[in-house]
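Just so you know, the sequence shown maps onto residues 107 to 669 in our numbering.
Heads up, a few of these hints could be off.
Said to hold, decoys possible - Here are the simulated DSS-like cross-link-like pairs (lysine-lysine), alpha carbons at most 30 Å apart as the crow flies:
hint : residue 1 : residue 2
1    : 407       : 450
2    : 541       : 377
3    : 144       : 596
4    : 596       : 620
As the list claims (entries may be wrong) - Using C-beta positions, here's what the derived DEER-type ranges look like:
hint : residue 1 : residue 2 : range
5    : 149       : 251       : 12 to 20 Å
6    : 245       : 279       : 25 to 33 Å
7    : 417       : 303       : 40 to 48 Å
8    : 313       : 453       : 48 to 56 Å
9    : 434       : 644       : 42 to 50 Å
10   : 248       : 175       : 24 to 32 Å
11   : 149       : 319       : 33 to 41 Å
12   : 279       : 432       : 56 to 64 Å
13   : 651       : 417       : 30 to 38 Å
14   : 596       : 389       : 35 to 43 Å
15   : 453       : 648       : 49 to 57 Å
16   : 321       : 638       : 43 to 51 Å
Think of the hints as simulated: they come from the structure by calculation, not from any bench. What you are looking at is a predicted structure, and each value in this text was computed from that prediction instead of being measured. Here a beta-carbon is modelled for each residue, glycine too, at the ideal position from N, C-alpha and C.
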Amino acid sequence: MKMVLNGRTLTVLVVVSLWLLLSCGLSYGVLSDINCLKGIKAELEDPYGYLNTSWNFNNNTEGFICKFTGIECWHPDENKVLNIRLSDMGLKGQFPGAIENCTSLTGLDLSSNKLFGNIPKNISQIIPFVTTLDLSSNNFSGEIPVSLANCTYLNVLKLDHNRLTGQIPAQFALLARIKQFSVANNLLTGPVPYFSPNASIPADSYANNPGLCGPPLDACPSPSKKSHTTVIAAAAVGGVTVAAIGVGIGMFFLLRRVSVMKKEEDPEGNKWAKSLKGVKGIKVSMFEKSVSKMKFNDLMKATNNFCKDNIIGTGRTGTVYKGVLDDGTSLMVKRLQESQHSEKEFLSEMATLGSVKHRNLVPLLGFCLAKKERLLVYRYMPNGTLHDQLHPVDDGGKVTEWPLRLKIGIGAARGLAWLHHNCNPRIIHRNISSKCILLDADFEPKISDFGLARLMNPIDTHLSTFVNGEFGDLGYVAPEYARTLVATPKGDIYSFGTVLLELVTGERPTHIAKAPEDFKGNLVEWITQLSSNSQLQDAIDKSLVGKGVDASKSYWGAIQFHN
Numbered sequence: 107m108k109m110v111l112n113g114r115t116l117t118v119l120v121v122v123s124l125w126l127l128l129s130c131g132l133s134y135g136v137l138s139d140i141n142c143l144k145g146i147k148a149e150l151e152d153p154y155g156y157l158n159t160s161w162n163f164n165n166n167t168e169g170f171i172c173k174f175t176g177i178e179c180w181h182p183d184e185n186k187v188l189n190i191r192l193s194d195m196g197l198k199g200q201f202p203g204a205i206e207n208c209t210s211l212t213g214l215d216l217s218s219n220k221l222f223g224n225i226p227k228n229i230s231q232i233i234p235f236v237t238t239l240d241l242s243s244n245n246f247s248g249e250i251p252v253s254l255a256n257c258t259y260l261n262v263l264k265l266d267h268n269r270l271t272g273q274i275p276a277q278f279a280l281l282a283r284i285k286q287f288s289v290a291n292n293l294l295t296g297p298v299p300y301f302s303p304n305a306s307i308p309a310d311s312y313a314n315n316p317g318l319c320g321p322p323l324d325a326c327p328s329p330s331k332k333s334h335t336t337v338i339a340a341a342a343v344g345g346v347t348v349a350a351i352g353v354g355i356g357m358f359f360l361l362r363r364v365s366v367m368k369k370e371e372d373p374e375g376n377k378w379a380k381s382l383k384g385v386k387g388i389k390v391s392m393f394e395k396s397v398s399k400m401k402f403n404d405l406m407k408a409t410n411n412f413c414k415d416n417i418i419g420t421g422r423t424g425t426v427y428k429g430v431l432d433d434g435t436s437l438m439v440k441r442l443q444e445s446q447h448s449e450k451e452f453l454s455e456m457a458t459l460g461s462v463k464h465r466n467l468v469p470l471l472g473f474c475l476a477k478k479e480r481l482l483v484y485r486y487m488p489n490g491t492l493h494d495q496l497h498p499v500d501d502g503g504k505v506t507e508w509p510l511r512l513k514i515g516i517g518a519a520r521g522l523a524w525l526h527h528n529c530n531p532r533i534i535h536r537n538i539s540s541k542c543i544l545l546d547a548d549f550e551p552k553i554s555d556f557g558l559a560r561l562m563n564p565i566d567t568h569l570s571t572f573v574n575g576e577f578g579d580l581g582y583v584a585p586e587y588a589r590t591l592v593a594t595p596k597g598d599i600y601s602f603g604t605v606l607l608e609l610v611t612g613e614r615p616t617h618i619a620k621a622p623e624d625f626k627g628n629l630v631e632w633i634t635q636l637s638s639n640s641q642l643q644d645a646i647d648k649s650l651v652g653k654g655v656d657a658s659k660s661y662w663g664a665i666q667f668h669n
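Make a model of the complete structure from these sequences and hints.
So, in structure tokens, the structure goes:
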């Protein structure tokens, strides 16, 4: 049977890839999250039976906790809790400490219950990645813990209608992402924190706290005469601060000039490598026995002293050099961007990444620590990146065969699914694009840069790959990143979906060549526009049109089922 490429091809690739993502082997049981919910049920009184009726732990089917009342999961077939919403259930007790076992939690709503006692002082360690926290309309007492300021991903924080006392921690001003904040109807005193102007916290958010003052409320009382000395001292400190800022600005421009001068002094860009030539004891640790033992000098020789002519790729995570050993073996050596991690932390991450093995992932062969330099050694991929194959400078080198593109899409889907569901700890890539999909001699796709997001981020936890910093290429980033600033598996899938569209259309994720001149959107938006106008056939890469390929019955069935 032959299938001529047309608009339905988009459906084929998406359906097949989704099928692969769901069938490449899911890890259905996440014990920590199950224990989290068991602990919550045990710690709280449930007079109306909401939890007792719904939360049945005798079920061992995949994703069973995702069907519990008030529970939302990252994926319906995986016991990984995303949000806990137990509002207005009449629950009694103190803040349930078992919540710390829901290690991927981003939303917690315990509002309108009968919870009492102090909010835990270490709450930022219990729920480090929450974007929404609602503890309003309870009976919490004591002071607001300062550690809440360490929950830096908070967008919404509601503590109103409780019995909280003391001051609002001034450190809350550091919550740069806060959009909604409310402490109304408590017993708080002192000045309110100065949030970012983007937050726009209204006066109602502080209502019925007789002791609160400062914008947007009434001004705080003027200092007494006894405080004049303090005011003078503060003014002196302020003067010194202004002077320091001036010096800092001057230093910035001076250092910038020094940086330019250094570049002029180092035209080859490898002064850092040459400075390590005489250093003794630099070892290259290898994970694979099939690769001969190496020393740092071997890497220097293989890459021609890390000469700029050997650079084959650059990106946010670092610069990649091609190297050829004396025995003819080709390698890729990545020099990581400056990392804030200690040597011990780096070694721990290398131990984890070195154990990650899959045919559709670029294998990490070894690594090297040389003073402040961090080098990673990978197997060389002779066909470069998928991006370079789809968007070559010379059109003559473009991958035009549809079966080959389909093979690449399927293989990359397998690799990504393995990272999400079979790897322990699972890895959120955060930077999926056609540039990080490399092709070996047989055009077998292999995902690179997995796990490196953590090395670019100072948060000391394996889940830091879960958290979005300034990562992700334009056109690949999921829209929800702008709202939550939290990286998720769904974000990776969105990015991978953009790669699939690249495979089918031959277009870049931004600057669409076939779109009208006045179109300013990205590839996904262009496809959406064509779909709404029933013009999907216009999206197909012209180099593919009219070339028939064999289609299995399952592919045809997938199309019919989808339609």
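Comparing the hints with the structure gives:
no. : hint                   : result
1   : 407 to 450             : holds (28 Å)
2   : 541 to 377             : holds (27 Å)
3   : 144 to 596             : holds (27 Å)
4   : 596 to 620             : holds (28 Å)
5   : 149 to 251: 12 to 20 Å : holds (19 Å)
6   : 245 to 279: 25 to 33 Å : holds (27 Å)
7   : 417 to 303: 40 to 48 Å : holds (42 Å)
8   : 313 to 453: 48 to 56 Å : holds (53 Å)
9   : 434 to 644: 42 to 50 Å : holds (47 Å)
10  : 248 to 175: 24 to 32 Å : holds (29 Å)
11  : 149 to 319: 33 to 41 Å : holds (37 Å)
12  : 279 to 432: 56 to 64 Å : holds (58 Å)
13  : 651 to 417: 30 to 38 Å : holds (36 Å)
14  : 596 to 389: 35 to 43 Å : holds (40 Å)
15  : 453 to 648: 49 to 57 Å : holds (50 Å)
16  : 321 to 638: 43 to 51 Å : holds (46 Å)
In the structure shown, no violation is registered for any of the earlier numbered hints.
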